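Trainee: Sequence:
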Amino acid sequence: MNNKATLLLTLAALIVLASCAKSSTGRNQITLFSSSDLNKMGASSFEQMKEKEKISTDIAVNNYVQCVAKAITKNVHKSAHKGEWEVVVFDSEQVNAFALPGGKIGVYTGILKVAENQNQLGAIIGHEVGHVIESHSNERMSSSKISQTGMAVVDTALSVGNVENRNLWMSGLGLGLQYGILMPYGRTHESEADIVGQDLMAKSGFEPSAAISLWQNMAKLSNGSPPEFMSTHPSNETRITQLTEHLPKSQAYYKASNAPSCKKPKNI
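Quick note: the sequence shown uses my numbering, first residue 9, plus one each step.
No false leads were mixed into what you were given.
EDC-like cross-link-like pairs, simulated, lysine to aspartate or glutamate; straight-line CA separation at most 16 Å:
(1) Lys228 - Glu245
(2) Lys121 - Glu101
(3) Lys121 - Asp99
(4) Lys263 - Glu215
(5) Lys274 - Glu124
(6) Lys82 - Glu92
(7) Lys121 - Asp66
(8) Lys60 - Glu101
(9) Lys78 - Glu94
(10) Lys257 - Glu215
Just so you know, the hints here were simulated from the structure itself, not pulled from any lab data. Since this is a predicted model, take the numbers as computed values, not measurements.
Produce the complete structure using the sequences and hints provided.
Mentor: Below, the structure is given as structure tokens:
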């Protein structure tokens, strides 16, 4: 059997051995890790974050974030997380937020200045929880593992075959994986989390059009960002377009929901 055939069989075996599933949007997924493993990783990472980052002690700010997060998480299916969600506000100017497997949510105070009201904060938390709902961390780790294994197989095949310019070929393949697979994969996840999050925020009583105005705010902060094809995230313009197109569906969920009353502190 030649090296090319060996490579193809090895990569095919990796895909077959992977656990295949579908996202709620109908997209095929490859997940190599168990939910329990991901939950442990999420919990461990969150504990490290709490040790490393300064945690906000502002009662009003914490109550505000907890109010929005509680409204969102009560509408998350138990298949994503069965227990209580732990929500921590980090005292940092960083414009960021995240959600991890195992029911962990982190919100940086810096992003509260960008989110003008409870609806925009609902869009942020809905988006981050959307990543957990759709098992994106599992997919990202799985795709990375498959890519690394594939690169190792190619490297071995090129070595055995004594291929000239081996390092150049490996460098080119690495770029192909980075810009052809891993980055678009990240953009797919972000777009999916946008849509899933918009539906989730609407079901939780937050005005879904706020997701659009949020990204308009974000666009003002992202001058000089790289071209979309070289980024793991969709451009702000792409996100705004996709959320606008999906708005009629999420508005239907919003009309059937009850709006919470989470007051943003004046000192933010």
